[in-house]
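K.L.:
Following the hints, position chain B with the ligands against chain A.
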Amino acid sequence: MLPACARSISKKAANLKALGFLSTAKNNYATEVTYYLKPFRLHKLEQGPAQKTTLTKEDAINYYRQMHTIRRMETTAGNLYKEKIIRGFCHLYSGQEAVAVGIKAALRPYDAIITAYRAHGWTYLMGVDYLGVLAELTGRQSGCARGKGGSMHMYCENFYGGNGIVGAQVPLGVGVAFAQKYQGTDGVCVTLYGDGAANQGQVFEVYNMAKLWNLPCIFVCENNGYGMGTSADRASANTNYYTRGDYVSGIWVDGMDVLTVREAARYAVNHCASGKGPILLETATYRYSGHSMSDPGTSYRTRDEIQEVRQTRDPITSFKEKITSANLVTPEELKKMEAEIRGVVDEATKKAKADSEISMEELTADIYSNNLEGTIRNTTPFNPLEHSRIGQAVNQ
Amino acid sequence: MTVRDALNSALDEEMEKDDRVYILGEEVAQYDGAYKVTRGLWKKYGDKRVIDTPITEMGFAGIAVGSAMAGLRPVCEFMTFNFAMQAIDQVINSAAKTFYMSAGRVNVPIVFRGPNGAAAGVAAQHSQCFAAWYAHCPGLKVVSPYNSEDCKGLLKAAIRDPDPVVFLENELLYGVQYEMSDEALSKDFVLPIGKAHIARPGEHITLVAHSRAVEICLEAANELAGKGIEAEVINLRSIRPLDMDTINASIVKTNHLVTVEQGWPTCGVGAEILSRVMESETFYHLDQPAIRITGVDTPMPYTKSLEIAALPQPSDVIATVKKLLKAQ
Ligand SMILES: Cc1ncc(C[n+]2csc(CCOP(=O)(O)OP(=O)(O)O)c2C)c(N)n1
Ligand SMILES: [Mg+2]
Numbered sequence: 000m001l002p003a004c005a006r007s008i009s010k011k012a013a014n015l016k017a018l019g020f021l022s023t024a025k026n027n028y029a030t031e032v033t034y035y036l037k038p039f040r041l042h043k044l045e046q047g048p049a050q051k052t053t054l055t056k057e058d059a060i061n062y063y064r065q066m067h068t069i070r071r072m073e074t075t076a077g078n079l080y081k082e083k084i085i086r087g088f089c090h091l092y093s094g095q096e097a098v099a100v101g102i103k104a105a106l107r108p109y110d111a112i113i114t115a116y117r118a119h120g121w122t123y124l125m126g127v128d129y130l131g132v133l134a135e136l137t138g139r140q141s142g143c144a145r146g147k148g149g150s151m152h153m154y155c156e157n158f159y160g161g162n163g164i165v166g167a168q169v170p171l172g173v174g175v176a177f178a179q180k181y182q183g184t185d186g187v188c189v190t191l192y193g194d195g196a197a198n199q200g201q202v203f204e205v206y207n208m209a210k211l212w213n214l215p216c217i218f219v220c221e222n223n224g225y226g227m228g229t230s231a232d233r234a235s236a237n238t239n240y241y242t243r244g245d246y247v248s249g250i251w252v253d254g255m256d257v258l259t260v261r262e263a264a265r266y267a268v269n270h271c272a273s274g275k276g277p278i279l280l281e282t283a284t285y286r287y288s289g290h291s292m293s294d295p296g297t298s299y300r301t302r303d304e305i306q307e308v309r310q311t312r313d314p315i316t317s318f319k320e321k322i323t324s325a326n327l328v329t330p331e332e333l334k335k336m337e338a339e340i341r342g343v344v345d346e347a348t349k350k351a352k353a354d355s356e357i358s359m360e361e362l363t364a365d366i367y368s369n370n371l372e373g374t375i376r377n378t379t380p381f382n383p384l385e386h387s388r389i390g391q392a393v394n395q
Numbered sequence: 000m001t002v003r004d005a006l007n008s009a010l011d012e013e014m015e016k017d018d019r020v021y022i023l024g025e026e027v028a029q030y031d032g033a034y035k036v037t038r039g040l041w042k043k044y045g046d047k048r049v050i051d052t053p054i055t056e057m058g059f060a061g062i063a064v065g066s067a068m069a070g071l072r073p074v075c076e077f078m079t080f081n082f083a084m085q086a087i088d089q090v091i092n093s094a095a096k097t098f099y100m101s102a103g104r105v106n107v108p109i110v111f112r113g114p115n116g117a118a119a120g121v122a123a124q125h126s127q128c129f130a131a132w133y134a135h136c137p138g139l140k141v142v143s144p145y146n147s148e149d150c151k152g153l154l155k156a157a158i159r160d161p162d163p164v165v166f167l168e169n170e171l172l173y174g175v176q177y178e179m180s181d182e183a184l185s186k187d188f189v190l191p192i193g194k195a196h197i198a199r200p201g202e203h204i205t206l207v208a209h210s211r212a213v214e215i216c217l218e219a220a221n222e223l224a225g226k227g228i229e230a231e232v233i234n235l236r237s238i239r240p241l242d243m244d245t246i247n248a249s250i251v252k253t254n255h256l257v258t259v260e261q262g263w264p265t266c267g268v269g270a271e272i273l274s275r276v277m278e279s280e281t282f283y284h285l286d287q288p289a290i291r292i293t294g295v296d297t298p299m300p301y302t303k304s305l306e307i308a309a310l311p312q313p314s315d316v317i318a319t320v321k322k323l324l325k326a327q
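In order, the protein sequences belong to chains A and B. Each residue of the first sequence is one higher than the one before, counting from 0 in numbering that gives the first Met the number 0. Each residue of the second sequence is one higher than the one before, counting from 0 in numbering that gives the first Met the number 0.
Treat the hints with caution; some may be incorrect.
As the list claims (entries may be wrong) - Restraint ranges, calculated between C-beta atoms of paired labels, are given here:
#1 B:Gly70 x A:Thr316: 53 to 61 Å
#2 B:Glu15 x A:Ser230: 24 to 32 Å
#3 B:Met277 x A:Glu372: 21 to 29 Å
Rather than coming from a laboratory, the hints here were simulated on the basis of the structure. All values reported here derive from a predicted model rather than from experimental measurement. The C-beta atom is built at its ideal place from N, Cα and C for all residues, glycine as well.
Pulled out of the complex, with its shape left as it was, chain A reads as follows (with noise of 0.2 Å):
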């Protein structure tokens, strides 16, 4: 239980704050503060999430850890890039990060994701160590998926990768919803795609069976402004993703704030969950890398706005400001956090980069889970190759 007055006192803190009068004393730290979100839009709902929320120290603690940590091993994985350790695709989340982390912040052990190729930060939230997600990089065994999906295709418990088609996920995605309602859980599926990938034609096609079905599925499309060199309203008639939907409900979200992201989240796992079927959610964001490490990312758009979204719309400093302003967390204890993920990612970088990649016995491994081929062809009929197994198959 936390002490009333204190409560009480970083409540107050917060409402001024929102009113911009916040001034607190140096020594008056909370440990739990209320702020009011950025607001939503909402698309076929009468009553959208909550304005404001209540947000802890420890919680705050997390998701600024969380946060950083994206940043941090994104920043780690463009250098390994530019050193080409990385081969060929890299896509980075940087700047999109209070997306998933505010996502992750609302769902339950048992709800599941599953995104595109910008996969890096959820396959760390969704519980691969660090080492897990750098290793795969750099295409080394001590890789979540062994080195052999690469930056694209990473995958552990409740997280379904990880896809390189554009689009292609969405459909899995109401798939693993489907599943849970058919398992009779109330676990839900977030299911995500680009604002490029929002037109392609299958999302649509399930957007129809996931609301003919009430099926449990969060559609998010994470409008970052392109796709590839191609700005959201040079390849969308409506560029108001959270009403593409049509009968699917939908919310536009201020991506770039992790609480509001948070609270649109819980507002639609809960929607999911009470068997009210799909919804979509329209977080706003931006990319601050090129679309891949191959792309420069400045002849579609000027530097000057990838700076002004930096210097005004940053997720992580504004929530930095957020929270050590209203004293739940202070700037030392966040400067100690950063450099101790510093410390860890170094670390994890380091061994990700001495690490061997699997034996060449593993080229044939697991293309079957119950290989029924025998040998497989090698290169030329003379050398056949055996077939191993070797992770553990999930589904028997």
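P.N.:
Same frame as chain A, now just chain B with the ligands:
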């Protein structure tokens, strides 16, 4: 000239020549193409003829096919052929079959093009060869060029062709420079679809390949030449039609056949060639069974060392040739 520039000049020349030709696809206009193949064309031809689409392959491929039915000459770019799977119904059920279904009335002059096959470090969903998939389908023509000259001559031929052509490029070759003959630099240069090219003559063994595998064969042939083995390397250029005349003639000369491709073995391009040889009189000219060299029969791993092992290398070709010819 790089393969990229060769493709670009083919597009440019055909757009200049025929105003029914237009390009559509993801990032083809303002971004100059994800792999910069369409660089400069939007600036030159404008919004009407170089069109950025949303990421909606099924939809825009269908629009392209419909516009071809109604008199235009679309070049439909898939950012990569991996994404063309989203649209494969329109390619096969609409583009490939309509002429037949309409009893020779509605032909579909369209080119579907983009990078195909294994790229580097992009894992299973982004690394696979679709040559055999499309070649399976009557009504389609399937081209898989190797170098700059192939790309220019065949893309121009594909755009001019009255039927749907699937044009399979290779991302890893885009930046490679190949020599262009004076003839190939001309605006009138076209290569016939359905004719293979002998990339290197030889009399001891026939190596048949397409796309990047031609390079593998040429490298292997170079090394084999140092050991007194002269391999004939056939660059298929076209997978459908398949130029069996050139292949058969070569086998009659060499009596040995090896096919090389980066795609999977099962029902693959090599499998088709071997079957056709088996069904023909050429079979009797073989001194021993023909051999396919292919990608390993597995999805592509991201792991670097495994990715290399998953694809045929010149060393595989050399070892196979030596084994067949019982050479040291
Ligand atoms: C079916 C398909 N088409 C095209 C691509 C190439 N591609 C990868 S990501 C991307 C842009 C997607 O944009 P968006 O959905 O907004 O997601 P964001 O990258 O902004 O997170 C494109 C065109 C692909 N991977 N799959
Ligand atoms: Mg986007």
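K.L.:
Does each hint hold? Answer for all of them.
P.N.:
Each hint, compared with the structure:
For the pair Gly70 of chain B and Thr316 of chain A, the supplied restraint of 53 to 61 Å holds, since their beta-carbon distance comes to about 56 Å. Here the CB-CB span from Glu15 of chain B to Ser230 of chain A is close to 30 Å, well matched to the stated 24 to 32 Å. Roughly 23 Å separates the CB atoms of Met277 of chain B and Glu372 of chain A, a value that falls within the hinted 21 to 29 Å.
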